[in-house]
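Participant: Given chain Y, put chain A in place with the hints provided.
Now for the letters of each chain:
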Amino acid sequence: MLFNTLEYFLFLPISFLLYWSIKNTTTQNILVLASSYVFYGWWDWRFLFLIFISTVVDYFVAIKIEKTDYKERKRVYLLLSIIFNLTILIFFKYYNFFIESWVELLSSIGYHVKDVWTLKIILPVGISFYTFQTMSYSLDVYRNDIKATRDFISFASFVSFFPQLVAGPIERASNLLPQMLKERKFDYKQTVDGLRLILWGLFKKVVIADSLSLLVNPIFDNYEILNGGELFLGLIYFSFQIYCDFSGYSDIAIGTAKMFGVELRSNFIFPYFSRDISEFWRRWHVSLSSWFRDYIYIPLGGSKNGKWVSIRNIFIIFIISGFWHGANFTFIAWGSIHSVLYLALVLSNKNRRYLTSIVSKNRAVPTFIELYQISITFFMVTISWVFFRSGSILDSFLYLKKMLLNFDIPISYRSGIFYVILIIISDWLNRKDERKPLNISSTNIRWIIYVLMFILIISHGGQKNEFIYFQF
Amino acid sequence: MKKLINRTLLFLTISAIFSLLLGFLSVVITNKTFNFEFKKYQNILIVGNSHTECSISDKILSNSVNISQSASSYFYSYIKVREFVKRNPTIDTVIISFSDNDLFSEKEKWLSSTEKIRNKMTRMIFLFNTEDYLTLFCSNPITTSLQSFIVYSDFYNLYIHRRSFIGGYNQFNKNKIKESILEFNQDTPKIDYKIAHTELKYLLKIYELCEKEGVHLILLNSPVHPVLQSHFSLIKDRNYKIASEKMTNATFLDHSSYKLDNSMFADLSHLNGTGSISYSLFLKSVFSK
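Which chain is which? The protein sequence lines are Y and A, in order. Quick note on this note's numbering: the first sequence kicks off at 1 and runs consecutively. Quick note on this note's numbering: the second sequence kicks off at 1 and runs consecutively.
One chain only, chain Y, in its complex shape (with noise of 0.2 angstroms):
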């Protein structure tokens, strides 16, 4: 189920009113569980026994790496889970990517292989999401920083929470399971703050996400007739496209678990007012970078063992944050350009200038020099965007060469900007808390805002586009 659909507009209230109507905890978890199955079922049911066996898997591995005193066992146990949710990514994911490489690869130097052993695997929704999920919640419990639980309904609903299950944000057992496990009583605030959420979620996917693709897609798929202004447009058009239905997303997924009583971590804040690029991993796909420094990046040595070595780990987790969005090389290359464009802060000595604050944060309007670092770090970000959003690397080369070479002034496409400056000044206003998006004082201004991007909304919903984040 999509949450930009009419199903989910009737699931949503549904739930919510019976999981209210319920006060045992227990009831309340079975119920959540129910509806995340049924959330998951909608899109595709045979793949529903792969989050439960995920599930049992390590519901039991995590009590056994508790019960057991030594520490070779507790290693098994972890590798078992670790080598069990890596099977399943990596069969689902990347078969077919290892097959035709290899293939490929023979075939370069000269061996041609007639029978190829590929299949017609379909991709299951959110399960690079879940997988990593289930994984950390083994890991944290190896690591004794959370206790197995016993309650196996609270940690199905863990890992099964539907708000957060196909895209994120990627939960941490320490942060959901003990949510799980307590009382929840309704908060009227909380609710109504998880609605405002949840509107400007939709407003970013349905109306910005959504009308950019419109834009986005032709120009990407036609860039050898079009003029380097309009490439540049596309570029653009498709950094603010991503961002909004990424973002669009994770809102909607907060908004929702607060409806039902939880909070869930930030995922993403204002990752385009990024002063540098270390800056802009702290505030883009919060969920994700934070995982791959707490389980690889931090357990491989991080910084602490050399200048060496913490070039190899940036590398590494640069690469792996890259294979990670899917099976194909322009996702290995736009990894690596980010570890470059990374590596070369870490080797300055200038990639922890920006930790907390965001930019501007007591003023109106940023210096002249924030908004010469803001643009500099948008620029590359979005130039690295060209081998996400194309079909090959060679796309991406010949797409950024006729973008620079062939550049004019734009003679089409240019509608998308409203959309741009839309987004830019809803941003700036709201960039000190990203969790109260529309945080205006007059009741009667909210209101308006408020019915003025629900009809919106619902006029631009009739296209029922998927999230980009969904195919990873």
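In case anyone wonders, no lab produced these hints; they're calculated from the structure. Don't be surprised by glycine CBs; every beta carbon is placed ideally from N, CA and C. Zero decoy hints are in this set.
Lysine to aspartate or glutamate pairs mimicking EDC-like chemistry, simulated, CA-CA at most 16 angstroms apart: (1) Lys3(A) to Asp193(Y); (2) Lys174(A) to Asp221(Y); (3) Lys107(A) to Asp192(A); (4) Lys2(A) to Asp187(Y); (5) Lys3(A) to Asp187(Y); (6) Lys174(A) to Asp261(A); (7) Lys201(A) to Asp132(A); (8) Lys212(A) to Glu83(A); (9) Lys40(A) to Asp58(A); (10) Lys236(A) to Asp192(A); (11) Lys147(Y) to Glu66(Y); (12) Lys241(A) to Asp254(A).
Computed Cβ-Cβ distance ranges for the label pairs, DEER-style: (13) Ser113(A) to Trp102(Y): 41 to 49 angstroms; (14) Asn24(Y) to Asp187(A): 47 to 55 angstroms; (15) Ile449(Y) to Asn173(A): 38 to 46 angstroms; (16) Lys401(Y) to Leu21(A): 49 to 57 angstroms; (17) Ile411(Y) to Leu204(A): 42 to 50 angstroms; (18) Ile411(Y) to Tyr133(A): 39 to 47 angstroms; (19) Asn444(Y) to Glu211(A): 56 to 64 angstroms; (20) Tyr111(Y) to Asn173(A): 36 to 44 angstroms; (21) Tyr159(A) to Ile83(Y): 52 to 60 angstroms.
Facilitator: Frame of chain Y; chain A shown alone:
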């Protein structure tokens, strides 16, 4: 919880009222500003579905205006004929697509399916009268009701694209004839002997309207690929019979066997750009006689 439910209902009610008002306003404005009028020398109106949409270039057949649109039920063609003939006394001929499969019973869905109503209703509603709305409502009450709240949603598109948003000549620049033949051989479509009664009803209404307005109706079976032509030959007589018995003064032009190279087809039942140019030139010569 009670407060939340009350506030939510209030919000939805305000939004619904505002949407309906906005929809009403957009219909009135579109109706007032839409360019219905043809040039004086344009005396042929072309309506129908993708068959006429892709096969007749109104730039070549310059005394015509093509406002056909893919997947258009005869219901929408009827509305177009009614509104354009009313506003353009110069129209003396209406060409409508009447392909071999246009009355297949599956075409009933072209009026009532959710997908089609979503696609057509908001772009055409400014031409509706009450009866049209009720017809659509009776065919699919839920979707029609829901769409009624977003009538305004195509206002911008109608403003930008104007007449082409409700139909126009579509020059396909593709040729997928090989794939289409392969697909046809793998999964040959069945001949449907059942008739789409609603479609026939509106086709007859178009005929009656043309008769009343003194406009000549041409039922056009546009060119199709020989593979499809022989496949549909079983049903051709039925359509001819309907035309000759129920629309006696209409002309049935069967150009389904008009010879074109494989390169001139987009697929088995549609012409591509080169095909449509060739056919439009032929049609022009037919009309000039």
